[in-house]
Amino acid sequence: MAETVPSPAELAAVDYEKTPPKNWMDTPVEFRPGTWCYAAPVKHAEFLGLPHPHKWSPNEEDWGLPENWREIILEGMKERLEKYRSFRLFMEICVRCGACADKCHFFLGSADPKNMPVLRAELLRSVYKRYFTKAGRMLGRLAGARDLTVEVLKEWFYYFYQCTECRRCSLFCPYGIDTAEVTMIARELLCLVGITTGWVVEPVSNCLRMGNHLGVRPNTFKDNIDFAVEDLEEITGIRVEAPIDKRGAEVLLVVPSADYFANPHYFTLLGYLALLHEMDIDYTFSPYATEGGNFGLFLDKYVAKKLNAKIYEDAKRLKVKWILGAECGHMWRVLHQYMDTMNGPADFLETPVSPVTGTRFDYAKGTKTIHICEFTADLLRHGKLNLDKSRNDDYVVTFHDSCNPARGMGLFEEPRYVLRHVLNHFVEMPENTIREQTFCCGGGAGLGSDENMEARLRGGLPRANAVKYVHEKYGVNTLSCICAIDKAVLPPLLEYWVPGVAVAGIHEFVGNALIMKGEKERTRNLRGEPLPGKEDAGDV
Amino acid sequence: MSLPRALTERREEILDAWIDRILGTYPPEAARFLRREKDPFRNPVGAGIARESRALYDALLAGASPEDLTPVLDGIVRIRAVQSFTPSEAVSFLVLLKDVVREILEEELGVRALRPFEARVDRAVLLAFDVYMACREQMYEIRARQARRETYTLLERVGMIPGFPEPGEECSESGDEERGTGR
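As you go down the protein sequences, you meet chains A and B in turn. FYI, the working numbering numbers position 50 of the first sequence as 50, with every residue one higher than the one before it. FYI, the working numbering numbers position 7 of the second sequence as 1007, with every residue one higher than the one before it.
Misleading hints may appear alongside valid ones.
Claimed, not checked - Subject to a maximum C-alpha distance of 30 Å in a straight line, what follows is the list of computed BS3-like cross-link-like pairs (lysine-lysine):
| no. | chain 1 | residue 1 | chain 2 | residue 2 |
| --- | --- | --- | --- | --- |
| 1 | A | K301 | A | K321 |
| 2 | A | K319 | A | K246 |
| 3 | A | K384 | A | K534 |
| 4 | B | K1038 | A | K473 |
| 5 | A | K22 | B | K1098 |
| 6 | A | K43 | A | K22 |
| 7 | A | K134 | A | K78 |
| 8 | A | K134 | A | K246 |
| 9 | B | K1098 | A | K321 |
Just so you know, the hints here were simulated from the structure itself, not pulled from any lab data.
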């Protein structure tokens, strides 16, 4: 037997240093399961009227592309180059300085060079050069140009669906190239030839049909809200009003659908209900605008516009004065940056004014929409809330800036201001991982599926790494955030990288600390767990 | 010089070469960055591997038990388990340590003298496979749980799963224990 076992010398002679240096253009993509999402179901693509709906799978050789797929893509590129000066600029002005290269969470977690934003954009830029510049047409590869082949298309799909459009890289680009917009356009181009994912298309289709990602009907939506009212009553002893379809209410409350069907989102919903009741806000839910999120943003701008339209339409129908948006991520990218031009002007609404403090939110006079953290921070600033912070004493909390509210709309201080007022133990993660420089959860922009879990775990490593640091150093046991996708994506991420840290929304803590007029002796928090010092209370 | 003494005295030299070799298992464009950036938050993979390799070297040197060695190995293997490496590539970093130690100490001590240390590394390779498998299994469990929750929520929504009553409780319309993950 001894003869058959290799000697240590032979074993040591094996070359484990992989990846011989090769040009990036010569390294085709390997579709390893766990790193990509499944294709969109044909029925949903058809319902949405997307181009070339067909059955295909990323790991199969033949993607069933239309015969003239190359012409379709190039025509699509031409159209977008003419329409968007920004796209042409982004294709032209990059000087490969590398400032963005090491800023992407997917690159940092995977160490795959094509996840460097500069190289990811180059996947598209090389085709731009080949077909839309003289140098590229004449010099080809010498000028960094290459033909558009099926392999190139596959590479686009793989890498542009490994970008969460978080825009961290853009923060560091001296030219202001917004790689998220490059990704958006690449995904639009892929959509033109029927290459889309189910995780994006299905919620979009449901949203268009039923108003929310899961396709929950208005009656089920009402059941869920009623259920939340009951839960809150059980905990606080107070039965709150949660009006749906109340015409003439002052405020329309728009929440991400996960708030009423998923955990830990649901506890945040209980927090809003308690707060709005306590402040006696005249508000209503809409039975149609039952989704703040907008996956259209990850597919095609026209689809995004179509999905977004329901918010203003129902605000008009319900004759409200202004809109209050709940804790959500990309919903705010759309509401804050696109809604006004996509579906505005909302001249039938009024500039939001807090009915409690009288504060007029002039910056929102365009969209007529404010974020619930801004609303609550204003209440706190005016001393309007009666709070018992100690109810949150079991939590040592840090705050994850969700990419879209942070980099998309500059919402840095309000959530922190709220947290500091409603709990005693708040710790920041290292400076280069929060605020503008926050790391993505790894599951935004339609990547929060179980199908690509391996890619998500890599992409979320930089965020989890910072959480691990404060967990070990300060005993942080809860990661708070204000994004529905974060609340869905971060728990599995932390389970893998930092066990022992839970995820919660800001208004869950607000609801815990809020002393409501006439409430019963509180023994449980919004999760139904015993409050500190009330562990022996009978009804727990 | 004895082997333990040599491994201690030339610790820095061995570690620098080993870490360099581990980071060399990544594509060259990435390896340059992984080696250069020392900030653990800007470079969680490079800095993490460097930190954990040092801890692992010391644990190997001290003859740590499998129980003590496992969490140290976890620091590196957990990262490589989700990075598109094959299983053998994911744990190969330990074999690279044998290479480095031979290159640095073989001439001085002779190959026979290195055997006790190499035996420890070999055992660590086997443990690393266990850690690798545990990480992959955990990943699939997480994945399965998410899929299950989504299905459960959908079934619950269409009223196919009434909440099961606790003893002494009335039957509820829907349980909140297994809500979905949301998107």
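* To do: Given the hint that K43/A pairs with K22/A, test it: the Cα-Cα distance must not exceed 30 Å.
  => Answer violated: K43/A to K22/A is near 41 Å, above 30 Å.
* Below or equal to 30 Å on CA atoms is what counts here, so check K384/A against K534/A. => holds, 26 Å
* If you draw a straight line from the CA of K134/A to the CA of K246/A, is it 30 Å or shorter? -> violated, 61 Å
* Verify the proposed pairing of K319/A with K246/A, using a straight-line Cα cut of 30 Å. => holds, 9 Å
* Asked: Holds or violated: K134/A with K78/A, Cα cutoff 30 Å?
  -> Cα-Cα ~15 Å, so holds.
* **Proposed proximity, K321/A with K301/A (alpha carbon, max 30 Å)** => Within the cut-off at roughly 27 Å; holds.
* Asked: Under the criterion that the straight-line Cα-Cα distance not exceed 30 Å, is the pair K1038/B, K473/A satisfied?
  -> holds, 19 Å
* Taken at face value, is the distance from the CA of K321/A to the CA of K1098/B at most 30 Å? -> The given pair, whose Cα atoms are some 71 Å apart, is violated under the 30 Å limit.
* To do: Quickly compare the C-alpha distance for K22/A and K1098/B to 30 Å and report which way the hint goes.
  => This hinted pair holds, its Cα atoms lying about 28 Å apart.
Violated hints, listed in ascending order, are 6, 8 and 9; each of the other numbered hints is respected by the structure.
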